Amino acid sequence: MQERHRLGEEEITRELFRPLVTTTPMMWVGFIGLGAVLAIFVFAVSWMFYWGLGVTGLSRPNMWGFMIVNFVFWIGISHAGVMISAILRLTQAEWRRPVTRAAEVMTIFSLMTAMLHPVIHTGRPWRTLYWVFPYDFWRNLWPDVRGPLVWDPSAILTYLTGSTLFLYTTMIPDMALARDRTTGWRRVLYTILALGWRGNERQWKMQTIAGFLLSGLILPVFVSVHSIVSWDFAVSLVPTWHATVFAPYFVIGAIHSGVSAVVTLMALMRWLFRFDHYIRLEHFDAIGRLLIAVGTGWLWFFLLDIFFAIYPQEARELEIMQFRLFQWPFNVLTALIFIFGYFIPVPIWIFQRFRRNVKIMFWTSILVNVGMWAERYWLIKPGLMRKYEFTFDWNWYRPSIVELSIVLGSFALVGFLLLVFSKIFPPISVWEEKEGQHFAQQLQVGKRVVNAIVREF
Amino acid sequence: MAIREVLGLYRDLDSAVAAADALREAGFSRSEFEVLSNAPYPEGTFGEESGIHRLFVFPLIGAACGFAAGLLITGGTQLSFPLLTGGKPLLSIPPMIIIMYEGTMLGALIFTVLGVLFESRLPWIGRALYDPRITAGYIGILVRTAPEREAKAIEALRKANPEDILTENGTVGKQPARS
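Going line by line, the protein sequences match chains A and B. The numbering of the first sequence is the numbering used here, which starts it at 1 and goes up by one. The numbering of the second sequence is the numbering used here, which starts it at 1001 and goes up by one.
Same shape as in the complex, but just chain A (with noise of 0.2 Å):
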């Protein structure tokens, strides 16, 4: 990287601490309006289960509605993690340091608020345990293997446990750092997360294999994941879901969201946190890179899925393809994803000056989610929405109050959540942080002084 900063050991651990020991005013903004709205999901959500499902917009034939919407967008962000995580620490990127953490964070959090809109969906949570785990023993009667929704909890379950592992496993050292200066309760918690940690050479070792190995073995999984959920669409026969282009479609868009919520969580951590040194115009030059390859690889599948409805001429699809780009509000929405899902962004993130302004990026990656939610929905209810033969009942599907006080919660819930984590851990791996320091060098080039990176392999 060329615009490290030299900073001390003490001046980097007090840094990366600050957001635990001092909470700023905009940090009780944060906590006090991001409690209300949650207060407000909790309020929605309770609504649903007392009065039932009737109190939400869904009717036949529209099932799934806002709740799944979010569910799928949620997911999508979750692989902000291991895109930033997984790939830039195979690929040694020196960029990663500042981001893996919080990028790891934002996965589990998001994976979690994911995981509750298919449960708070049935309406009655507590008997979904039935489909989650193999139940009632005595009569050797099991779920169904051979349906999309036994395969969606392994998934995400599988993708949930190696995320908290991967993250926990790279925050041992950082705990081992926070027993060694804290008092009181805090102290007991890290003692008991460090496990004892010294940072002998061996264990350094084990750290740096284990970053490699778990990474290699995650970004498996979370491919696997996003193509598993659109699987819950396209093993069904619904026009326009029955499509074998949705695993790499929602896998690319998944990423295309993903990163693009990785910059805003960085903008925010630098203003919330005051990291500049650490979270640097150079980072946002960077990931704002790989945006453009990213948002365009998703443009091409977006327009895959359009053309390979329409190729087939089957009148079913085609039907459908109609009502979704010629059809009020659907002809609105997919301008809408167009526009802020690549049109406004990609063109921006080509020039560098705009790519190191924070706001912009900050504002354009909030865009891109616009677009991603939107294109979700683009995705899932035209299909649904549609007149079948044989249908006996029919109606448009009209979100109510509580589904877009859902839908606006999980964005609280997401948002606390990491708040609260940064009050109790570290947002940015300290310890990654000084090894950074460590193996950075000052090389002199002719006239001219470059830093550089050391690498061992």
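To be clear, the hints were calculated from the coordinates, so they are not data collected in a lab. Quick caveat: nothing in here was measured; it's all calculated off a predicted structure. Ideal Cβ placement from N, Cα and C applies to all residues, glycine included. Treat the hints loosely; a few may be bogus.
Unchecked claim - Partner residues aside, some chain A positions facing chain B, computed with beta carbon under 10 Å: (1) G147; (2) S154; (3) L157; (4) T158; (5) Y159; (6) A176; (7) L177; (8) R181; (9) A194; (10) W197; (11) V221; (12) V235; (13) V238.
Said to hold, decoys possible - The calculated label-pair distances, taken between Cβ atoms and stated as ranges, are: (14) A/L141 x B/I1061: 30 to 40 Å; (15) A/G184 x B/N1169: 26 to 36 Å; (16) B/A1136 x A/T22: 12 to 22 Å; (17) B/A1146 x A/G184: 35 to 45 Å; (18) B/E1043 x A/G216: 18 to 28 Å; (19) B/A1136 x A/A335: 55 to 65 Å.
Said to hold, decoys possible - 35 Å max Cα-Cα, derived DSBU-like pairs, lysine-lysine: (20) B/K1152 x A/K205; (21) A/K205 x A/K387; (22) B/K1159 x A/K205; (23) A/K359 x A/K423; (24) B/K1088 x A/K387.
With the hints as your guide, set chain B onto chain A.
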């Protein structure tokens, strides 16, 4: 035989490397001392180290266990209550592969983390000399040796300008006490 511990604390990397060299010159083998730090250094910074480990075996064992569990859940549950639906085969390979794949990966991930903990000797609940200054940036050289060689270890550690030297009986200071 009782083992005594001595911990030398060094403010900078060069002093710590010099201390490791001094220990080797004094006849201490590499297995008798370890380096404690708050961040990793490139391998071999403090001289040759014994790097034998079996971490790569753990994910393989985990993957095998996870695959077996996946096979049991998919095949076993379907066979224990054979229920034909939609004319599909009872043991349908494509959906079984999905669960078996996730099981394999889950097993590999869990066993890898267990392997990391095992090979790192964590959780560590035993007694060992340690100083919180290590996480603040100091480098610690921890010597484990026989009681009769303790004085020799202290002498070697003192050659490299330590900030402090700790023994099981407390600090002995960076310079020998004047008689």
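*Please test the hint of 18 to 28 Å on the beta carbon pair from B/E1043 and A/G216.*
20 Å, holds
*For the pair we were handed, B/K1088 and A/K387, check the Cα-Cα distance against 35 Å.*
This hinted pair holds, its Cα atoms lying about 28 Å apart.
*Close enough to count: is the Cβ of A/L177 nearer than 10 Å to one in chain B?*
4 Å, holds
*Taking the CB of B/A1136 and the CB of A/T22, does the distance hold inside 12 to 22 Å?*
19 Å, holds
*Look at the Cβ atoms of B/A1136 and A/A335 and judge whether their distance stays inside 55 to 65 Å.*
56 Å, holds
_Hinted contact A/V235 with chain B - closest CB pair below 10 Å_ = 9 Å, holds
_35 Å limit on alpha-carbon distance, applied to hinted pair A/K359 and A/K423_ = Within the cut-off at roughly 25 Å; holds.
*Compare the distance between the alpha carbons of A/K205 and A/K387 with 35 Å, and conclude whether the hinted pair is satisfied.*
61 Å, violated
*Against chain B, is A/Y159 within 10 Å by beta-carbon distance?*
9 Å, holds
*chain B contact restraint on A/A176 - CB to CB distance below 10 Å*: 6 Å, holds
_Tell me if the straight-line CA distance from B/K1152 to A/K205 falls inside 35 Å._
At roughly 29 Å apart (the allowed maximum being 35 Å), A/K205 and B/K1152 satisfy the hint.
*Taking the least C-beta to C-beta distance, is A/L157 closer than 10 Å to chain B?*
8 Å, holds
Taken one by one, the earlier hints fail for this structure at numbers 13, 21, listed in ascending order.
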